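The hints should help you fit chains E, P and Y with the ligands onto chain W, whose structure is shown.
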Amino acid sequence: MSATTVKTATPAVSEKARPRMSFAKGLLLLAGALVLISVVSALVSSGKQPAFYTITSSGQVAAALSMAVPIGLAGLGGLWAERAGVVNIGLEGMMILGTFFGAWAGYQTNPWMGVLAGVLGGAVGGLIHAIATVTFGVDHIISGVAINILALGATTYLAKRWFGPLADEGGSPKQSPSVDDIKDFTVPGLSDWLADIEKHHWFFVSDLAGLIGGLVTNISALTILAIALVVGSYFVLWKTSFGLRLRSCGENPTAAESLGVNVYLYKYAAVVTSGALAGLAGVFLALVRSHIYNEGQTGGRGYIGLAAMLFGNWRPGGLAMGAGLFGYSDALQLRNGGATVHALLLLVAIGLALLALWKLYRKNLVAAGVNAAFAAGLIVWYLASDTVPNDLVSATPYLVTLLVMAFAAQRLRMPKADGKPYRKGQGK
Amino acid sequence: MHALVGENGAGKSTLMKILYGMQRPDEGTIAIDGETVELHSPADAISRGVGMVHQHFMLADNFTVLENVTLGAEKLYGIGAKARAKIMEISDAYGLGVRPDALVEDLGVADRQRVEILKVLYRGARTLILDEPTAVLVPQEVDALFDNLRELKSEGLTVIFISHKLGEVLSVADDITVIRRGTTVASVEPSQTTPKQLAELMVGSELPSPETRESTVTDIPMLTVDGLTLCAVDADGMRRAVLDDIALTIRKGEVLGIAGVEGNGQAELVEAIMGMRTPDGGTITLDGRDISKLPTRTRREDGIGYIPEDRHRHGLLLEAPLWENRILGHVTEAPNSRRGLLDPSGARRDTERIVAEYDVRTPGIEVTAASLSGGNQQKLIIGREMSHHPKLLIAAHPTRGVDVGAQTQIWDQIREARREGLAVLLISADLDELIGLSDTLRVMYRGRLVADADPATITPEELGSAMTGAAAGHLETAEGPEEDR
Amino acid sequence: GKSDSGGGDKGVGLAFDVGGRGDHSFNDSAAKGFDKAKADFKIGGKDLTAKDGDTEADRYEKLASLAEAGYNPVIAVGYKYNASLAKAAAKYPDTNFAIVDSVVDAKNVTNLVYTENESSYLAGVAAALKSKSHKVGFIGGTSSPLIKKFAGGYKQGVLDTDPKAKVDVQWVAPDEKGFGMPDKGKDIADGMLSNGVDVIYSAAGGSGAGAIEATAGKKGAWSIGVDSDQYNDPGLAKYKHTIMTSAIKNVDVSVYEFIKSVVKDKKPLTGTQAFSLKDGGVALTYTGGFIDDIKPKIEAAKKDIIDGKIKVTDTYKD
Amino acid sequence: MTSHDTAGASASWLRRIDKERVVLAVAAPVLALAAAFLVTALVLVATGKEPFNAFSVMFDYGVKSDSMIYIANKATTYFLAGLAVAVGFRMNLFNIGIDGQYRLAAFFAAAVGGALNLPGFVQIPLIILVAMLVGAMWASIAGLLKVYRGVSEVISTIMLNSLATSLITYLLVDGRLGVLDKSTNVISTEPLPSSSHFFTIPTGSGLDPVWGFIVIAALAGIGFWFVLGRTRFGFDLRAVGRSESAAQASGVNVKRMVITSMVLSGAMAGLVGMPTVLNDTHMFTADFPSTVGFTGIAIALLGRNNPVGIALASMLWAFLERGANRLEFEGYDKEIVGVMQGVIVLCVVIAYELVRRYGLKRQQQRVGAELAAQAKKQEVAA
Ligand SMILES: Nc1ncnc2c1ncn2[C@@H]1O[C@H](COP(=O)(O)OP(=O)(O)OP(=O)(O)O)[C@@H](O)[C@H]1O
Ligand SMILES: Nc1ncnc2c1ncn2[C@@H]1O[C@H](COP(=O)(O)OP(=O)(O)OP(=O)(O)O)[C@@H](O)[C@H]1O
Ligand SMILES: [Mg+2]
Ligand SMILES: [Mg+2]
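Residue numbers (this note's numbering), protein chains in the order written: chain W, 297 to 724; chain E, 77 to 561; chain P, 4 to 321; chain Y, 241 to 622.
Next up, chain W with everything else stripped away, as it sits in the complex (with noise of 0.2 Å):
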């Protein structure tokens, strides 16, 4: 060896801050798609505009937000689970207990006690899967696989029983009868005056005024509780010394209870919180969505709210994003089907050629190279066709889902004590 001298090394640990999908850089990348919209709807042929219109008309950013919100919610009972280090695979059995228990008791009552029986009922799943896991210690998937079986099989019993003999309320064996209207809000005048501005077309701002009416205009109770809720959980999981003690059991319990937090217990409160708000997803799907319980009715989207968590990081900004692409697409194609979609495709495939610019900006060919690939492609394919088959249209918010998993590559940073079994005193 012949260094005689310390060359100056690179500092082993640098201390920038760690860079986070900020809020800010979050708007900015909206405001990018919404010019991107506005620019390529101004250039296609008169014949093929109205498809790019509706992807920013306001009932469409109504629709993408009621879908989002239950997927949100499930999303957001995943996130609390998670960081206190129980794994909820059961968001869809105790989105099933919300949907059941919300319109039981909304039926009996009002809506509003319907809300609290849903969110009691999967507070109960909540209840059942944290004595599984925590008390039990039994592996947390297993627990909500089973969860999941018990509160289908629970519900379509109960339901036989109880809303069977109600055929004339509107009732049968597996659905309720239906519920009151929960309130709903609209901005008075700026709903109209921003849906006048809609009309009009006008080069981008239409397409502001479509994305803000959306969110003004008949927004139910339930939606703002959501958001309130989205906004409280970073609040109370991050800026609380509750929300730390949660966290601490889902990084490091042993470390926890060296420090007297007591482990079991925030467990406890966090799965079920975890179960009342998966309930609560269930009573939107209920009493908003629809104003039935309906055998079926949470169709997958417990796990859909957990692939929504994982997309968005564990974070409540991150998977509120996920919710939103997802109920986002999911509407687009439901409301307005294969012409829409077809217009997707072309701004996806431009979205893809600047992904690829940036990419070869950063000397990284192979992702640049596989971008513009999937973008030639997707052109290809848009001027090829008028429209995307109605049969696979359906597809759209899970191609999306997975095409923008695939793509925007990310470094998952789950609770470090995530999924494992802890048993007190046994920490080494």
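Quick caveat, the hints were computed from the structure, so don't treat them as lab data.
This one's a predicted model, so the numbers in the text were calculated from it and none came from an experiment.
Glycine included, C-beta positions come from ideal geometry on N, C-alpha and C.
Wrong hints could be hidden among the right ones.
As the list claims (entries may be wrong) - Computed list of lysine-lysine pairs in DSS-like fashion (alpha-carbon distance at most 30 Å, straight line):
| # | chain 1 | residue 1 | chain 2 | residue 2 |
| --- | --- | --- | --- | --- |
| 1 | E | K369 | W | K659 |
| 2 | P | K138 | P | K300 |
| 3 | P | K135 | W | K344 |
| 4 | P | K320 | W | K344 |
| 5 | W | K495 | P | K222 |
| 6 | P | K298 | P | K169 |
| 7 | P | K39 | P | K305 |
| 8 | W | K495 | P | K167 |
| 9 | P | K35 | P | K54 |
| 10 | W | K344 | P | K167 |
Stated by the list, open to error - Covered by chain Y, per the in silico footprint, the following chain E stretches (three or more residues, Cβ under 8 Å):
| # | region |
| --- | --- |
| 11 | 258-266 |
| 12 | 394-401 |
| 13 | 411-420 |
| 14 | 444-457 |
The following block gives chains E, P and Y with the ligands in isolation, referenced to the frame of chain W:
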């Protein structure tokens, strides 16, 4: 300042955990300040002014220092600005140099240790328990730690600490308790005892020494590493070199020791040689064959034995029985498999042999690896690796957390292997071990081999200061081993 | 199944499709005929319900256990029973079977099928006449052959009446779940309405309720019900002022007639009994009086279909 | 996922059997089943139904010979689904995508089978091969995404399930890969030629035969056991499941192993639909049984990811479903069986965990006690 010594599994940690309320005693009493107390949980202990720094750090990696410190003590100063100010105040008062907003994940061992101590002080502890605080520190850091502790002592705090390093125990403790298999066997005063006596009290045998006698170094190169460079993307998305142009040669019969503060690339060097990481440049040659591009499995088949730094993460399947652990890493080799199929009976038979030969204390080979104590797990790993007659043995911290009895055995085995012409790459934080066993010493600092030294002449203190980057080049002008080129 | 009338013949056996009694749709319609027959002829009976994930073996078991226990006739509601009914009919040659919506070629099986495309055609005529925007919509539960029969007939009816009109056809989901998603039905209808569609016909089971709800929220828009007269559906009472008409399928009538032919007349209906516009097996309702103004045109179309002047397609292509 | 494998059959196996362990192993499921029945009985009583009659109806009916045949046939499918899930679980991969994989595989296999008319001994293996290939390819998407893009397999397989549904709906259309029978309203793939019908095992006059595919399923189970328990590859796979880091250090290419096991899991999923296609319907219809993949998760978990356990669990599941059909006939709500299934899974896993923990404690105590004894002896000797 009270020191507690004893062999592995003597019950030191268990006793301390009882003092800290993490475990409940079956009988007996605990008195704090003359008052008999009953501790049901750490919270009880904390409220009575007992604080503990555990043998294995109790820190959440994804949390900031601030979060780690305030956790569980939010009532004192909240979790915000007031807490931050308090942390800075304590840190400054005792010269701990702790930064509240750093992520623990990014901290080195010594820094983590200080965070642990700060955690205890923050809670206003009057009795401080430190379980093996020095095991992972270099001498300078140990000195700094003891300076801190003395300062605390002078303020009237009581410090209880546990250590396997008898020298330091004798130099800093005011009182020493020796325990063995769960009972106190002696209470001694440091001034009236010697390390030798202490060791005898502990294990009933003589204090071992890692001293290597005659040199067995040949001039046939076994492992040659040249220009090895490895970059990694850190948390900030910045690429930086964790291994920077590493060059070294280990000959048959030679033990090459690498000294360095943890986190300076030793682990990465080992992983690169093992093929667990793909380097960005450089070549690795084993016994004349270029293995740079070969997968880990082939490298192992070609004769690399591996005693990993973290046996739980890299050396064992904790939930699997011993005989399956004997197969791990050598599944393609006899006696573990024949023609693609496992040979469980062959593996079982050989496991029995290893258990007997290497004195693995276990009632049988069907018990899970997890039910063995750490020292016995280590012996099993060493037995396994040596059974395949490696050409090169990579030994990372082979005696970490292992008591003096087992240490002797392990050192003997390394020496034995070396005599048979094995090349050994030794990485250790225990500088006595490093100096005692090695034929050649290298110092690693920030991904580079910055210095070399002759184990015959260097002292741990000199080596320690080189490890912190204070010196470079050849550390002694006295005649040392030949340069590689 | 309460206590059955004793003796060898226990009465009627009936196996519902998924959804079963209380689905406010064709299962309920079958139940109505079944209940009426039981009451009128003072016989016993037992009904069983399919569940999601049932296999051939499960369906066969239902039919076989009914026949085995001595129920006669045995009626299978839904085309899914096709294969299992064929098997059961062979095993129990002395039992009279009937299947709704499908055809099984066996001596002891009566096939009760309906020309849903014809009633849907009339729905299309009504939609085209009532639409002001010349844009109408169709929402199907899923793109199964049966539902495509509805879609095809409807589209043809619309275009024959108003060639300039646009028909927006959408499916709720790619599988059977699409029949139980009222919320998604609502979203689809909402999307159609905001694109200017002002009449929506949905053949989507429970999901249709959502579409009807959405349509009721838009001024001047109409919905068209399906299978039963949804104007009279208690669950939809709130929206009935916008349910312009329903394309009904009188499963109850055919089930009743079949039971009667076996139990009372002792001369079972045989072969394929197609219930069409001609015999009132399918029809367009005038309840509520919303389409009374265009009744002549609808009746004319109906006559043309019955006379064979209009040949209604029985499938739909995108 | 905790995976527990049975010790193998070597000459000294008898020695290793430990009476206590056997008792514990049997105790867990027995206790759990008893608890599950108790809970179900309580639910029945609470809703005003007589429980014991319900159970006796289920048991009496469940052991009738035609019920046994039903159970054997249905369990064949469930067993394969459980195995497919277990391959992933054994190495900590949560493949929720069995559902999509097996439906897509069955669809393409049926389509290929319907399009060809080769001798059975060529065509049947070909159909099975197509199914395994399609299943493997669909699953490999999730594997590749995980390895190269870091996408959690939980997300990707959920999405791929729905994509499979859409794809099948798109292709199963008159003029694409479907044929429509207008009179029956059934859309399906072209039916298989009768030469491609799999053999059946006759069971007696008037009774349905047992599907011959049960033989393939048994072979798959043995193959599963052999590959995982007796080959180097299986050892590597289990090693990854137990500790990814230790496996990597031991020389396993973990990334490749992720893809390989996803592919294996998918190939196994491809088999799930085969008993139905080859032995039963001989075509793929739009109402091809779905959600079997999800049932497979419960069954794999109940069977502790080991073939014998999975076989027992799948038979239990089939038995319960058979019983459900009968319960309805006897005037009970068959939905109670859903409650039963959920309670059973929960009770079984809790019982297993308690027993496991007890066993571990016993083992540690024994290790400790024996070591102490050894040490004493040494001391005395010294
Ligand atoms: N409840 C118990 N009763 C008796 N023995 C036990 C119990 N729990 C653990 N043991 C035994 O104690 C040992 C556990 O080893 P552990 O890792 O705690 O040892 P250690 O003292 O840290 O040793 P080392 O220093 O070698 O790591 C094993 O031999 C285990 O069988
Ligand atoms: N409740 C218990 N009953 C019996 N044995 C136990 C119990 N708890 C711990 N042990 C065992 O007692 C021994 C003492 O372990 P302890 O960790 O205290 O040792 P130690 O002296 O700190 O060793 P080391 O030097 O390795 O840290 C271990 O073998 C441990 O597993
Ligand atoms: Mg200790
Ligand atoms: Mg230890």
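Which of the listed hints are broken here? 11
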